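Novice: Got chain U sorted already, so can you dock chain W onto it with the hints?
Protein chains: 2
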Amino acid sequence: MRQILLAGGIALALLACSPRAEQAGAPAAGSSVSALMQARKLAEPDVTAALKTYTPTGVHDEYLMFSSGGHSGQVLVVGLPSMRLLKVIAVFTPEPWQGYGYGDQTDALLASGNRNGQTLAWADTHHPALSETAGDYDGKFLFIGDKANARLAVIDLKDFVTKQIVASNLIESDHGAAFVTPNTDYVIEPTQYPAPLGGGYVPIEEYNEKYRGAVLFWKFDRSKGKLDPAAAFAIEVPPYGQDLADAGKLASSGFAFVNSFNTERAWGGTMEGNPPLESGASQNDTDFLHVIDWKKAEAAVAAGKAETINGMRVLRLPVAIAEGVLHFIPEPKSPHGVDVTPDGKDIVVSGKLDTHATIYSFEKVKALIDQKKYVGSDPYGVPILPFEEAIRAQVEIGLGPLHTQFDDQGNAYTSLFLESKVAKWNVAEARVLEKIPAHYNVGHIAAAEGDTVSPDGRFLVMIDKWALDRFAGVGPLLPQNMQLVDIASAPMQLLYDMPVPIGEPHYAQIIKADKLAPIDIYTPVGFNPVTDTKDPEAVEAEQERIERRADGVHVYMTAVRSHFRPDIVRVKEGENVHIHLTNVEQAKDATHGFAIGSHNVNVSIEPGEHANITFVAKRSGVFPMYCTEFCSALHLEMAGYLLVEPN
Amino acid sequence: MRQILLAGGIALALLACSPRAEQAGAPAAGSSVSALMQARKLAEPDVTAALKTYTPTGVHDEYLMFSSGGHSGQVLVVGLPSMRLLKVIAVFTPEPWQGYGYGDQTDALLASGNRNGQTLAWADTHHPALSETAGDYDGKFLFIGDKANARLAVIDLKDFVTKQIVASNLIESDHGAAFVTPNTDYVIEPTQYPAPLGGGYVPIEEYNEKYRGAVLFWKFDRSKGKLDPAAAFAIEVPPYGQDLADAGKLASSGFAFVNSFNTERAWGGTMEGNPPLESGASQNDTDFLHVIDWKKAEAAVAAGKAETINGMRVLRLPVAIAEGVLHFIPEPKSPHGVDVTPDGKDIVVSGKLDTHATIYSFEKVKALIDQKKYVGSDPYGVPILPFEEAIRAQVEIGLGPLHTQFDDQGNAYTSLFLESKVAKWNVAEARVLEKIPAHYNVGHIAAAEGDTVSPDGRFLVMIDKWALDRFAGVGPLLPQNMQLVDIASAPMQLLYDMPVPIGEPHYAQIIKADKLAPIDIYTPVGFNPVTDTKDPEAVEAEQERIERRADGVHVYMTAVRSHFRPDIVRVKEGENVHIHLTNVEQAKDATHGFAIGSHNVNVSIEPGEHANITFVAKRSGVFPMYCTEFCSALHLEMAGYLLVEPN
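Line by line, the protein sequences are chains U and W. Quick note on the working numbering: the first sequence kicks off at 1 and runs consecutively. Quick note on the working numbering: the second sequence kicks off at 1001 and runs consecutively.
Just chain U, with the same shape it has in the complex (with noise of 0.2 Å):
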């Protein structure tokens, strides 16, 4: 009871003195700091713990988390300190609300997705990396992988709108992907699983002879805010499953450092005699960390030195060598994490089978690669260099370690998977400082600023793989749980619990709020976020058609509060029908929806947009159109009718 009585006394008097708390209303009579806390029983830090994060009504978050949404498909945005979901981006996964494969436009975008001809309508999103000037968060774009199908989409944040799908058909499956060099030259897309590069069979008993990884390296061309497919080009690495990636930068600019996790090229095969990939990949005391020389590799392609496979040109392995692009380094243990200090000088990698994190030197790295000085090369020729004089320390710091965030301070945190904590320690002194437990099994941690050359400090968020006993009940599918921590407070200080219900977050990265500018509405009116210029089929008020042309029937319609004009449409059954239709508003948030009944027909359209939606009248009957964004008093009457008359 002591920390009630230490607050005890402290009734807030009934003012509403601000503009906010007359807004909010006065507080109950006889509430208290003290009267609350026993009422709900919160101990003292769960006091500060609210206060740190309650953003009141109106009050804009601090920071926005762009958080993977796992398996969803999409991308979370967040906002911090109040850890509220503000946003569903809409990328590899239909998402009828924001008529996202709802539509001609949002339809090709998912379907240049495609691979191979198969329609793909979900992703496995992991990586989040934010575009970067000079090794800066610059607020512009937003890139995420799909580790499933080996694709990459590219978000502008000027609206928060996915711009573009790519897929290579190099690889079958990526893992460390997106990251970004410094200046956004480059979007890097490695390999997960191994497979023949460029597709087609090949047995599983040529696994080390024709299995594959590579790296690979997407030219982003900032003006048309587009990857450059056709200038794009990737490294081949040998079959290790490929992991996560960080770009060097300041100190270590040009270069990019790659995991791996199976050295041993283990494959399965557990019911044809072989051992489980889980101990198949688990054998070696140590796997490689690829160091790669991108400045050196983009010379190497521009000098015609790459193949093409499959539309891709790829540095093979025996080019990638002579040409100084790539070196091992042995890492200790199935290595999950590797990531370059903020000032570019050391490079931490985590084994999740060892208990260390491990702190390379760029500097000595760079002076064992410039001398040659080798221990061997590895069954593909790969020069290694030696462990023991290319890193600078090795921390002990806990069990399961996996990925490493940095803070304004000099310090670092590392997840520790199996302890379900983090843990701070100083980079400099290699030497921990406090752990702060996780609930539970934290995975991927993210500090604000934290994958810039001038991290934040203030807050880490810890996104933990389970929830278990967290939340209440909700059946035998949990939501995930994002933990923020204060890591400005000594000692860090858990903050929220926020329980995440939108496919596994992987990874996110968190950046200032003011760094972002996002339009409120499209101009001019008859946008199209998708081809992100104003449509040619773009529908002026007034200008309201139906006209019929050997295509179909096309209808130009509007909307604005409230209603769709034309508002009745008469067609024929077995009739094509293509909607055009403009929101010729522009007052902020009066966004509407407009839905057909029974035809799988639903688009919203913000301030400004414009939608083309096709579809076959297949069926006669009387089918209703309406709004499905509540937009006004009578929203209910901003409805109409399809009228499709049999032949």
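To be clear, the hints were calculated from the coordinates, so they are not data collected in a lab. Predicted model, so just to flag it, every value in this text is computed and none were measured. Any given hint might turn out to be false.
As the list claims (entries may be wrong) - Computed from the model, here is a short list of chain W residues facing chain U with C-beta under 7 Å:
#, residue
1, H1071
2, T1093
3, Q1118
4, P1276
5, G1304
6, K1352
7, G1473
8, D1567
9, I1568
10, A1587
11, D1589
12, S1598
13, N1602
Said to hold, decoys possible - With a Cα cut of at most 25 Å, we get these calculated BS3-like pairs of lysine-lysine:
#, chain 1, residue 1, chain 2, residue 2
14, W, K1515, W, K1219
15, U, K333, U, K435
16, U, K572, U, K618
17, W, K1224, W, K1163
18, W, K1140, W, K1512
19, W, K1226, W, K1295
20, U, K219, U, K163
21, U, K333, U, K364
22, W, K1295, W, K1364
23, W, K1295, W, K1373
24, W, K1572, U, K210
25, W, K1345, W, K1372
26, U, K163, U, K224
27, W, K1512, U, K41
28, U, K333, U, K345
29, U, K618, W, K1572
30, W, K1295, U, K210
31, U, K366, U, K305
32, W, K1210, U, K572
33, W, K1515, U, K41
34, U, K512, W, K1041
35, W, K1572, W, K1618
36, U, K515, W, K1041
37, W, K1345, W, K1373
Beta carbons are placed, not taken as given, at the ideal position from N, Cα and C, and that holds for glycine.
Specialist: Frame of chain U, contents of chain W only:
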């Protein structure tokens, strides 16, 4: 500054005297309520709001709110008072990370909701209804309607999984669905936009003669947890645009009440010389409250007086009139909400173009019906009861009143869309007590246990249609805003703004969390949540196998940390592949995913769950299969290959 001074100097000591305090880490040195208020510019109401809502790690929310997910097609589960999203229940829309719509059973479930052969991959969910026993939420089932396609779904709260989707081909859209009778005998679904009953084309010029609404009563079989379409019936009603519904309870048991908003029978046609629906439907000073004696309707149907239209038994209008099933009472003006008081004695109606809440007395209504005291009949012959003699009072309540909820003190709360406020008023005294601002354009409101015979009077959630400036910018498509209000305090206090970026929540119901008892794992192992029984293809450990049959390759596979068995699947190009996959774990939260690259395959299997997946191996190649839920330290190694050999 006064509010800061009042709480000043209250340094919270560095205490860790409770288990939770220890877990959470001690507060930062120098933390105090006043310092934090100053640093984060919090006013006193913000402090009390924070402490009334903050829910520390591991503490469970006291209430669960089941909210429509609007045009996402899903249901959202939110914890109160923390306002955290705990679950997105997949209902009408594929949800890849849950494997919903990516496996045989959920594919079949979704297909059962198709209308006339049209695949429907979304819905516009509107009114969730918790199952009731004696007028009280019993925590067993949840029903939700799809406005766009006139469908209903049943969710079992044992595991929070959708078990049934039903579509009647009688009507083309609904709105006031779902509402339940006090013992969940029936789930009520009234039409929104009139159309020819049973489908088919009729020129809209014959709207008055041949377009109709209907009020459907779906019989619920509690023992099976399913709606019984064969036992459902409907009552034909005029083409007035029926709207919300509520079932009578206690005093008014056996009755149902349905609004209408377009007794003008306008249907738009602006480009054909007619006024837009929004003005055409707003000419009359009153529309008609539909009073339905569903017990009489049930008896009439049992007596064979219904006509079957496209599979649904319908009491045609003349029969409904003759049997005393249907009466009208004028209701002002363009009504949107109809809500029965907890004691069942009053029916509150709000007309969105009127400034009153109108209180009908069920006792008076019943007496008028019994006396056949009519003031005439509508054009379809439905007898009209006298407005003045049916009402008990009208309350001048404000602009744009929509929906009403109740507390345990005899008060009502009505949302005022145009004023962006909620009015609290006393039902017996018919007198407004106070108003609280909403941000902005509040539609529905939901009170804790608010639709039962015994509301809790604790919390009210305002479901706001516009958010405008409430949250950090995320582009032109803004989240909705759900605002939590403490209605146990006087005056009411706004506690929390929850952004909702998943469809537009339409309505919600709030239940005490301790009324629910969801399971944590599926037993027996091999359970199929959709069929709600052990799957005939369930796989036991050590019984894994691959069988070749006439219909393709059957893979009997288990999942357990950290491998699938078998982990190598060899098939020929063009073969049908059937994967029967059982998660043999029985530990809470030990969920696995199962994805195959480039095949659009992903399922989520909770502990004990079984899933069947069928696909054609269309293309030869090497395709990684892996677990998409981070299940263990060796989760990355929980992988294998689908090897598709060319022919």
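Novice: Has the given pair, K618(U) with K1572(W), been kept, meaning a C-alpha gap of at most 25 Å?
Specialist: violated, 37 Å
Novice: With the threshold set at 25 Å, check whether the alpha-carbon distance from K1572(W) to K210(U) stays at or below it.
Specialist: holds, 20 Å
Novice: Starting from K515(U), check that the Cα of K1041(W) is at most 25 Å away, please.
Specialist: holds, 22 Å
Novice: Regarding the pair K333(U) and K345(U), is the alpha-carbon distance no greater than 25 Å?
Specialist: Cα-Cα ~22 Å, so holds.
Novice: Take the C-alpha atoms of K1226(W) and K1295(W), compute the straight-line distance between them, and say whether it is at most 25 Å.
Specialist: holds, 21 Å
Novice: What's the verdict on K1140(W) and K1512(W), does the C-alpha distance respect the 25 Å limit or exceed it?
Specialist: holds, 12 Å
Novice: Given the hint that K1295(W) pairs with K1364(W), test it: the Cα-Cα distance must not exceed 25 Å.
Specialist: holds, 19 Å
Novice: Is K1210(W) within 25 Å of K572(U), Cα to Cα?
Specialist: Roughly 20 Å separates the two Cα atoms, so the pair holds.
Novice: Is K572(U) within 25 Å of K618(U), Cα to Cα?
Specialist: Measuring from Cα to Cα gives roughly 9 Å; hence the hint holds.
Novice: Is K333(U) within 25 Å of K435(U), Cα to Cα?
Specialist: Holds - the C-alpha atoms of K435(U) and K333(U) are around 22 Å apart, at most 25 Å.
Novice: Decide if the proposed pair is consistent with the structure: K1224(W) and K1163(W), CA atoms, cutoff 25 Å inclusive.
Specialist: Holds - the C-alpha atoms of K1163(W) and K1224(W) are around 10 Å apart, at most 25 Å.
Novice: Does the alpha-carbon distance linking K1345(W) and K1372(W) stay inside the 25 Å limit?
Specialist: holds, 20 Å
In this structure, the hints that do not hold are numbers 5, 10, 29, 30, in rising order.
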